[in-house]
Amino acid sequence: MAFVVIACVIIKAGGCDGQGFNLSAEQRKAIEDYSMEKSVEYFKSQDYEFIADRSQKYSFDLEFKKLGMTYFVEVKRTQSKGDKVIVTRSEVEHAKHIVISLFCMCSIR
Numbered sequence: 001m002a003f004v005v006i007a008c009v010i011i012k013a014g015g016c017d018g019q020g021f022n023l024s025a026e027q028r029k030a031i032e033d034y035s036m037e038k039s040v041e042y043f044k045s046q047d048y049e050f051i052a053d054r055s056q057k058y059s060f061d062l063e064f065k066k067l068g069m070t071y072f073v074e075v076k077r078t079q080s081k082g083d084k085v086i087v088t089r090s091e092v093e094h095a096k097h098i099v100i101s102l103f104c105m106c107s108i109r
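With the first letter of the sequence shown counted as 1, position 104 gets the number 104 in my numbering; the numbers rise by one all the way through.
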């Protein structure tokens, strides 16, 4: 498996013990949108060129370029402290063929 953790961002100290499964659909969507926005901001601040949001079609979320290389990013978000995050079977299968960078947002409230 070729996952590379590129950044782990803590939004607010504390957090709870779950991945956020008890949230409403609206809350999950708001956290997802916020996490995607913050990951794009992070990569742009590191001089990566944002190419596209691929989350609707592929098993990774974002595509960037830097120095002629393409980077595929999976954005993970959790209400927990981020000791672990869940990856899907599809994400694991995809990571067997290309390197996927993980951008983790932890302790989201």
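There may be inaccurate statements among the hints.
Simulated restraints on C-beta separations [said to hold, decoys possible]:
| # | residue 1 | residue 2 | range |
| --- | --- | --- | --- |
| 1 | Lys96 | Ala25 | 30 to 38 Å |
| 2 | Gly68 | Glu26 | 23 to 31 Å |
| 3 | Gly68 | Arg89 | 28 to 36 Å |
| 4 | Ala25 | Lys65 | 32 to 40 Å |
| 5 | His97 | Ser55 | 13 to 21 Å |
| 6 | Val99 | Glu32 | 16 to 24 Å |
| 7 | Lys66 | Ala25 | 18 to 26 Å |
| 8 | Glu49 | Ile98 | 35 to 43 Å |
| 9 | Ser24 | Gln46 | 16 to 24 Å |
None of these hints come from the bench; they were simulated from the model.
Each residue gets a CB set at the ideal place from its N, CA and C atoms; glycine is no exception.
Between Gly68 and Glu26, is the Cβ distance one that fits in 23 to 31 Å?
At roughly 40 Å between Cβ atoms, Glu26 and Gly68 fall outside 23 to 31 Å, so the hint is violated.
Hint says 35 to 43 Å; check whether the CB-CB distance for Glu49 and Ile98 agrees.
violated (18 Å)
Assessment of proposed distance window 30 to 38 Å (beta carbons of Lys96, Ala25)
Once the Cβ atoms are compared, 31 Å apart, the range 30 to 38 Å for Ala25 and Lys96 holds.
CB-CB spacing for Glu32 and Val99 relative to the 16 to 24 Å hint:
holds (23 Å)
At the C-beta level, are Ser24 and Gln46 separated by a distance inside 16 to 24 Å?
For Gln46 against Ser24, whose Cβ atoms are near 33 Å apart, the range 16 to 24 Å is violated.
Does the beta carbon distance between His97 and Ser55 stay inside 13 to 21 Å, or does it fall outside?
For Ser55 against His97, whose Cβ atoms are near 18 Å apart, the range 13 to 21 Å holds.
Satisfaction of the hinted span 32 to 40 Å by the C-beta atoms belonging to Ala25 and Lys65
holds (33 Å)
Regarding Lys66 and Ala25, is the given constraint of 18 to 26 Å on their beta-carbon distance met?
The hinted range 18 to 26 Å is violated for Lys66 and Ala25, with Cβ atoms some 35 Å apart.
Quick check on a hinted range of 28 to 36 Å for Gly68 and Arg89, using CB atoms only.
With a Cβ separation near 31 Å, Gly68 and Arg89 satisfy 28 to 36 Å, so the hint holds.
The earlier numbered hints that this structure contradicts are 2, 7, 8, 9.
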